[in-house]
Amino acid sequence: MSRSIWFVAEHQDDQLHRGAAELAGAARAIGDETVAVVCAAPGGTVPQQVAPFVDRVLVVDDPALDPYTAGLWAQAIVALAKAQEPAAILLPHAPLGRDLAPVLAARLGAGLMTDCLELEWNEGLVGTRSVLRRKLVARERVATPIALATCQRGAFAAAPPQEAGAIEAVASSLDASTVRTRFVAMERAEVGEENITEADVVVAGGRGLGDAEKFGLVQELADVLGGVMGASRPVVDQGWVAHDRQIGSSGITVRPKLYFALGISGAVQHVVGMRESDVIVAINKDPQAPIFEYAHYGIAEDLFKVVPALIEALKA
Amino acid sequence: MRIAVCMKAVVDPQARIELDGDGNLRQEQLRYEVNEYDLYAVEEAIRLVDANGGEVTVITLGTDGAVQGLRKGLAMGAADAIHVECDPYALDPHGVALLLAAALRDGGYDLVLTGVESDDLGGSQVGVLLAEELDYAATTLVVGTSAPADGAMQVRRELEGGEHASVEVQLPAVLTIQSGINEPRYPSLKGIMAAKRKELAEKTPADLGFAEMPARRVTALGLATPPPRELARMLEGSAEDMAAELVRILREEEKSL
Ligand SMILES: Cc1cc2nc3c(=O)[nH]c(=O)nc-3n(C[C@H](O)[C@H](O)[C@H](O)COP(=O)(O)OP(=O)(O)OC[C@H]3O[C@@H](n4cnc5c(N)ncnc54)[C@H](O)[C@@H]3O)c2cc1C
Ligand SMILES: Nc1ncnc2c1ncn2[C@@H]1O[C@H](COP(=O)(O)O)[C@@H](O)[C@H]1O
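Just so you know, the protein sequences line up as chains A and B, in that order.
With our numbering, the residue at position 264 of the first sequence is 264, and numbering never jumps.
With our numbering, the residue at position 59 of the second sequence is 59, and numbering never jumps.
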């Protein structure tokens, strides 16, 4: 039987998310047919945008699907999947996938592997996931007829565009009365005075700094380097610095010439916001910290010993 | 309002992680602690009942070592606690959700809070699976709640890149709680003492109607150390030596200063 691998195309404001090509890449590598499912793009061009990456596009263009609710998107996708029985459905490990994939899993009676770094087909869908804050990887296999997986952003090579696949509009019969969440409004976090995405040097500090007072060391190094101060999420959560300093998936993305990570472990949600920097220096006392896999230069030592010495050396 | 909070004991992520010859986690050197996101969930639950009346129940599915998490939840202000005695690593997320749902189903909870994800082998799915089992509404990645009104509450969902969506969710509901929503309190000494004396409701899977463990939808094939990646050039020596060497590299080799 030919193996059809589907993915849910992510889009906003009539713009296909660039992660969709990565899901297409993951799907192409394990199946015979790659299919994008597009929910809700009334009158828009998302089906055309995704078509070059796939063999088929299934479009459920019901106005009830916009704005997104997990309940109605799940209804639409479950109906399609029950009718056409794909081997697997992939979603991004992002707010969409975290919200929607478990609903699909429950309603299709399907097993779900989340945050996959690699996928292969080996008597079923086999995924590799990083666990225990990336200190280990776990391999799993889905044991149900339809398999579900969410893919880590950036982990899969984007599919190169090819001849555009066929676009099929599918009829839907959605029951909005069963849906118990309602989108109200979108809000954007306010941006501060200093635009840290423009800076050539970013010195970012993490939870390893210990407390708000000691976090001052980060600013001190930034000042000596003529750069700006950034932070990981826990630092912002604990109110040591303002939210506009948060670097990572739920904050901002920076791409300076020089990036310092002080007392930052290197969780993927942080790394996606800084991995493109030209030169990355990590200082962390844990030699196993994953940040050293992204840094160009690493110092596995107590930052309270190294950073003051560094400040001295820079002033000299 | 009645609120249940799911708390999981997870391997302390700062602990040294090693595998034995069979590819299992080396148990003797592992430390367990409460999954960090779940502490935000407990705090949010306590604030909601403080403001709107009601009681908080904390629940964990785990071995005996997991009950210290429940004691912490009680010390923070939960009224009672349920311990489902079971090895969570013997189940897949669907199995965990089935057992938690069975333990919570008759509790009449308006809200069930979980963390966004568990910091060990978990993967950000038990909360929503639980909602589906209980036939509750669900919203994920919650960074703000409001007072319930007319059987619904407005919450703020965190999206990417600093965007938030406000969403109205009908009760009963499961919310998965994201860090930063609040600052979890430290239990008071009085709270800790009182928590020690509280009885936990102990349940086995059999008590919950499971003669056998639920069948796995996802099978575990094994753990491994990540394949070595290109590692940073690691500097060596005293702090002063490394600092001087780094400055030299950045100035002379990288020309980034
Ligand atoms: C949906 C979602 C979105 C997220 N978005 C973001 C985001 O946008 N940005 C972000 O940063 N995170 C984000 N996170 C959180 C992310 O998963 C990590 O929890 C976070 O990045 C960890 O921050 P940290 O490295 O500062 O802290 P930790 O992981 O606690 O690491 C602290 C590090 O400091 C080191 N250390 C301690 N003391 C010292 C010392 N004296 N000297 C040297 N090193 C020391 C430790 O070895 C450790 O590696 C998100 C999580 C989720 C679930
Ligand atoms: N064994 C468990 N006991 C109690 N709660 C759990 C358990 N496993 C998961 N949870 C809850 O579900 C959330 C998400 O877990 P996970 O899907 O494993 O990432 C956690 O933050 C907990 O609130």
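Hints should not be assumed to be uniformly reliable.
[As the list claims (entries may be wrong)] EDC-like, lysine to aspartate or glutamate: derived pairs with alpha carbons at most 16 Å apart: (1) A/LYS257 <-> B/GLU85; (2) A/LYS305 <-> B/ASP241; (3) A/LYS305 <-> B/GLU254; (4) A/LYS257 <-> B/ASP241; (5) A/LYS285 <-> B/GLU236; (6) B/LYS255 <-> A/ASP278; (7) A/LYS305 <-> B/GLU236; (8) A/LYS315 <-> B/GLU236; (9) A/LYS257 <-> B/GLU236; (10) A/LYS257 <-> A/GLU163.
These are computed hints drawn from the structure, not numbers from a lab.
The structure displayed is predicted, hence computed values, not measured ones.
Which constraints among the numbered hints does this structure fail? Numbers only, ascending.
1, 3, 4, 8, 9, 10
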